[in-house]
Amino acid sequence: MPPDDLDAEREHLAASRQDLARMRKKVESLDSSTAGNWVSAEILDATLARRLEQLADDPDVPLFFGRIDRTADLGAESFHIGRRHISDSAGDPMVVDWRAPVSVPFYRASRTEPMGLTRRRRYGFSHGELTAFEDESLTDAGAGPEHSAILEAEIERPRVGPMRDIVATIQPEQDVLVRADLSQTIVVQGAPGTGKTAVGLHRAAYLLYAHRDQLTRRGVLIIGPNASFLRYIRDVLPALGEIEAKQATIGELVAIHGAVRTEEPAPVATLKGDVRLAEVLRRAVWSHVGDPEEALVVPRGSRRWRVPSYEAREALEGLRANDLRYAAGRALLPRALAHRVLVQMERSGDSPDDRVHDAVARAKPVKDYATALWPDLKPARVLFRLFTDAAWLAEVADGLLSEAEQASLLWEKPPRSAGAARWSLADLVLLDEIADLLDRTPSVAHIVADEAQDLSAMMLRALGRRSTTGSLTILGDLAQATTPWASSSWADALAHLGKPDGHVEQLTRGFRVPADVIAYATRLLPHIAPDLEPPVAVRRTRGDLTFTTSSIVEALGAALARPGSVGLIVPDASLAAVRAELTAAGLSFAEIALAELSADDEETEFDAHLDLVPASLAKGLEFDHVVVSDPTGIVAGEPDRDTGLRRLYVCLTRAVTSLVVRHDGLPEELGGVPERVDAKVGA
Numbered sequence: 011m012p013p014d015d016l017d018a019e020r021e022h023l024a025a026s027r028q029d030l031a032r033m034r035k036k037v038e039s040l041d042s043s044t045a046g047n048w049v050s051a052e053i054l055d056a057t058l059a060r061r062l063e064q065l066a067d068d069p070d071v072p073l074f075f076g077r078i079d080r081t082a083d084l085g086a087e088s089f090h091i092g093r094r095h096i097s098d099s100a101g102d103p104m105v106v107d108w109r110a111p112v113s114v115p116f117y118r119a120s121r122t123e124p125m126g127l128t129r130r131r132r133y134g135f136s137h138g139e140l141t142a143f144e145d146e147s148l149t150d151a152g153a154g155p156e157h158s159a160i161l162e163a164e165i166e167r168p169r170v171g172p173m174r175d176i177v178a179t180i181q182p183e184q185d186v187l188v189r190a191d192l193s194q195t196i197v198v199q200g201a202p203g204t205g206k207t208a209v210g211l212h213r214a215a216y217l218l219y220a221h222r223d224q225l226t227r228r229g230v231l232i233i234g235p236n237a238s239f240l241r242y243i244r245d246v247l248p249a250l251g252e253i254e255a256k257q258a259t260i261g262e263l264v265a266i267h268g269a270v271r272t273e274e275p276a277p278v279a280t281l282k283g284d285v286r287l288a289e290v291l292r293r294a295v296w297s298h299v300g301d302p303e304e305a306l307v308v309p310r311g312s313r314r315w316r317v318p319s320y321e322a323r324e325a326l327e328g329l330r331a332n333d334l335r336y337a338a339g340r341a342l343l344p345r346a347l348a349h350r351v352l353v354q355m356e357r358s359g360d361s362p363d364d365r366v367h368d369a370v371a372r373a374k375p376v377k378d379y380a381t382a383l384w385p386d387l388k389p390a391r392v393l394f395r396l397f398t399d400a401a402w403l404a405e406v407a408d409g410l411l412s413e414a415e416q417a418s419l420l421w422e423k424p425p426r427s428a429g430a431a432r433w434s435l436a437d438l439v440l441l442d443e444i445a446d447l448l449d450r451t452p453s454v455a456h457i458v459a460d461e462a463q464d465l466s467a468m469m470l471r472a473l474g475r476r477s478t479t480g481s482l483t484i485l486g487d488l489a490q491a492t493t494p495w496a497s498s499s500w501a502d503a504l505a506h507l508g509k510p511d512g513h514v515e516q517l518t519r520g521f522r523v524p525a526d527v528i529a530y531a532t533r534l535l536p537h538i539a540p541d542l543e544p545p546v547a548v549r550r551t552r553g554d555l556t557f558t559t560s561s562i563v564e565a566l567g568a569a570l571a572r573p574g575s576v577g578l579i580v581p582d583a584s585l586a587a588v589r590a591e592l593t594a595a596g597l598s599f600a601e602i603a604l605a606e607l608s609a610d611d612e613e614t615e616f617d618a619h620l621d622l623v624p625a626s627l628a629k630g631l632e633f634d635h636v637v638v639s640d641p642t643g644i645v646a647g648e649p650d651r652d653t654g655l656r657r658l659y660v661c662l663t664r665a666v667t668s669l670v671v672r673h674d675g676l677p678e679e680l681g682g683v684p685e686r687v688d689a690k691v692g693a
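Its first residue numbered 11, the sequence shown is counted upward by one per residue in the numbering used here.
FYI, nobody ran anything at the bench for these hints, they're computed from the structure. A few of these clues could be false.
Said to hold, decoys possible - Pairs of lysine to any residue residues, derived as SDA-like cross-links and limited to a Cα-Cα distance of at most 25 Å, are as follows:
hint, residue 1, residue 2
1, 256, 429
2, 282, 434
3, 388, 417
4, 36, 267
5, 36, 102
6, 388, 451
7, 388, 267
8, 256, 423
9, 282, 429
Being a predicted model, the structure only gives us computed values, none of them experimental.
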């Protein structure tokens with residue numbers, strides 16, 4: 011019989027923990043001594059190490075968070091649902107992995123569609139100790155509204171530290187996306203607080219579970235907007251037992267071509283991110299392929315074999331017609347020319363074999379002739395020439411870029427060589443495009459890209475070519491686009507990714523941001539994204555929304571007295587002054603930084619009670635309590651007002667419990683202070 015009282019459930023938890031320890035001990039007892047060779051031993055050691063990490067037990071993390079009781083037609087079985095599968099010594103499940111098919115009804119069943127369940131149970135925990143449970147009947151038509159106090163408490167639980175998993179609180183519409191088929195490319199247009207980031211990470215965990223061999227072999231890639239964001243989400247997948255996925259920013263993805271060593275004006279970076287540059291670069295690369303004007307003469311023994319220029323042209327054009335990458339065509343041209351020589355040999359009565367073909371293709375006259383027609387290229391040299399040779403740029407950009415646009419791409423003070431060039435991030439993305447024109451970029455099985463609305467068309471192409479044989483989960487919110495080159499629509503983004511048939515799903519039910527806060531922030535939507543559906547807060551608590559004209563230290567007072575994390579979001583230009591003000595007041599704080607951090611700083615970046623957050627790095631982060639200082643300054647800190655208003659929208663929607671807006675005047679688009687919070691306005 012399944013446990014039906016708190017003590018029995020605690021006993022099941024204790025037994026499950028013992029069985030997990032037994033499973034881990036069994037793995038620890040295995041070694042690679044029985045492997046047939048050193049390669050097999052290395053693979054086995056790595057596999058065992060990964061398995062041990064997956065079986066790690068954190069006593070503060072519950073082993074299960076729910077239970078389902080099935081109908082008699084399904085055997086009247088009960089299953090505890092948790093983050094990983096745990097079985098007893100006989101092999102029977104003590105805890106079922108949340109990703110297993112049997113777990114689906116826990117997330118999706120309702121009274122109108124019980125999916126074979128009679129009851130769903132949720133558990134309350136404190137520091138790993140089971141404290142309560144709550145039952146929901148799925149067969150009682152007369153039951154009250156579907157509401158879970160435990161679920162609500164888990165969503166609203168104060169947090170300090172990096173992002174945690176939401177495996178216990180996944181909602182039905184989120185679960186559908188998490189378990190979508192691997193072959194599907196999905197865009198999740200998610201309003202603030204709808205859990206789009208969590209959906210993407212849990213989808214990665216689900217796919218690694220459902221397609222383990224394929225994804226482990228071909229790879230899973232998580233793309234975030236900056237290093238700080240990746241540090242914020244770093245613990246989610248390991249907490250779910252998954253350590254296979256790699257995480258990177260766009261800059262890290264294209265760092266194989268060099269380091270970012272300079273920045274450039276926004277209009278230039280925007281132009282370099284324009285999809286027209288893809289055609290400019292294609293023309294630039296293929297313009298190096300010449301037109302044969304002289305015959306190829308190949309001495310062999312006492313004979314001299316002659317390939318006329320028109321035949322060489324036919325060989326060259328035949329290769330180009332096959333839509334090969336530049337380097338592949340270059341490698342095949344000597345063999346194509348050698349084939350023309352062998353045809354003449356056969357006509358003369360010889361019987362050349364493959365060895366003769368290879369020898370002719372390697373002959374110096376053939377190699378030199380082929381190289382002259384189809385020279386070797388390096389991405390950096392191509393881009394260097396494009397930015398320094400005005401006549402060549404005009405030739406390959408004809409009909410694509412205006413004269414003014416071409417002029418903006420040319421370097422005012424060209425470096426001595428490609429090796430001395432100081433590349434920007436946009437330049438590295440262009441180098442990545444050129445590299446793919448030369449040699450095909452390897453594809454991974456699945457990519458999860460967060461805050462993708464901020465990626466340029468060329469950045470999206472960089473992701474797309476790494477997923478030519480795979481799929482993507484694209485996460486973002488067009489209302490939170492804060493780069494001048496941001497996507498204008500998801501249809502355009504999917505086209506740049508090479509996945510025009512991708513499915514777009516909107517998440518508008520907000521589980522994190524309180525109702526009063528989201529209602530105030532959405533005043534900006536008509537100005538920044540009028541076509542988007544406004545988010546709806548589904549939490550019963552409306553949250554705290556306060557306005558004040560006091561100092562920053564005074565504005566922080568109430569928030570610092572409450573449990574949970576506190577984020578102070580300020581204009582980037584005010585960062586140094588605010589840092590000094592906090593220090594002078596004796597307040598302890600950590601600072602969210604874009605730069606790489608030391609191991610010690612990484613550990614404390616999100617663990618402080620108070621985090622100082624520049625507005626440019628607020629995207630994707632959540633805090634229990636948020637103080638947004640100087641909204642007008644946040645708007646003014648961006649290149650244009652629309653981008654500034656979108657940046658402010660991001661900052662206003664980072665709070666889970668309370669928001670304080672400290673201001674000396676609000677942007678007119680916000681329409682002043684809401685009437686229902688007038689009494690909270692500070693002096």
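Checklist entry - Going through the earlier hints one by one, which of them does the structure break, listed in rising order? => result 1, 4, 8
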